[in-house]
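*Asks:* If you use the UniProt record's numbering, the sequence shown closes out at 150, no skipped numbers anywhere.
There could be a bad hint or two in this list.
Stated by the list, open to error - In silico DMTMM-like cross-links for lysine to aspartate or glutamate, where the CA-CA straight-line distance does not exceed 20 Å:
#, residue 1, residue 2
1, Lys120, Glu100
2, Lys120, Asp93
3, Lys70, Asp21
Claimed, not checked - Between beta-carbon pairs, the in silico distance windows are:
#, residue 1, residue 2, range
4, Pro108, Gly147, 41 to 49 Å
5, Arg37, Asp93, 16 to 24 Å
6, Gly141, Asp52, 35 to 43 Å
7, Gly19, Leu85, 27 to 35 Å
8, Met139, Asp52, 33 to 41 Å
9, Arg133, Asp21, 34 to 42 Å
10, Asp21, Gly141, 31 to 39 Å
11, Ala110, Ala31, 13 to 21 Å
12, Gly43, Leu106, 17 to 25 Å
Just so you know, these hints were derived from the structure itself, not from any lab.
We put the beta carbon where it would ideally sit given N, CA and C, even for glycine.
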Amino acid sequence: MTEPERRTDGAGDSTGETGIDEAMIERLVRAFYARVRNDDLIGPVFAAHIVDWEPHLAQICAFWSSVTLKSGRYSGRPMAKHLPLPVDARHFDRWLALFEETARDLCPPAAAARFTAHAKTIAESLELGIATRNGRLLMRGERFWRGSDG
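All chains, please: the whole structure from these sequences, using the hints.
*Replies:* Quick look at the structure:
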């Protein structure tokens with residue numbers, strides 16, 4: 001069996017379990033980032049770092065394809081890209097709230113639950129990485145809050 005066959009042989013999230021497929025991922029990503037761009041808290045963070053949205057959206061679709069379908073389409077380093085961002089727990093909470101709302105609005109319940117579970121893990125990991133980069137070692141359940149200067 002070749003590597004691409006191994007990645008798509010059902011070992012990941014099969015469409016039979018959740019209905020997740022590439023088209024659903026693209027709809028979710030596009031709708032979610034439309035909401036993000038209009039959000040007062042996290043919209044400006046994205047606007048400061050993303051000039052051309054189409055390549056970014058394609059990369060995010062590849063990321064979610066790799067996460068949910070085990071497609072292997074994404075080969076980037078998301079932690080490294082997020083470490084310098086001026087964000088904290090407030091931003092991650094808002095990101096998750098928008099993501100969960102979008103997933104519930106667009107996806108069947110099983111798919112929304114799968115996407116949301118992955119999103120929570122991803123947000124927690126990124127928040128821990130950003131906290132560590134800023135000199136804070138978080139204990140289990142602790143959150144990263146920036147001071148008034150952050």
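*Asks:* Which of the numbered hints are not met once you compare them with the structure shown?
*Replies:* Violated hints: none at all, because every hint is consistent with the structure.
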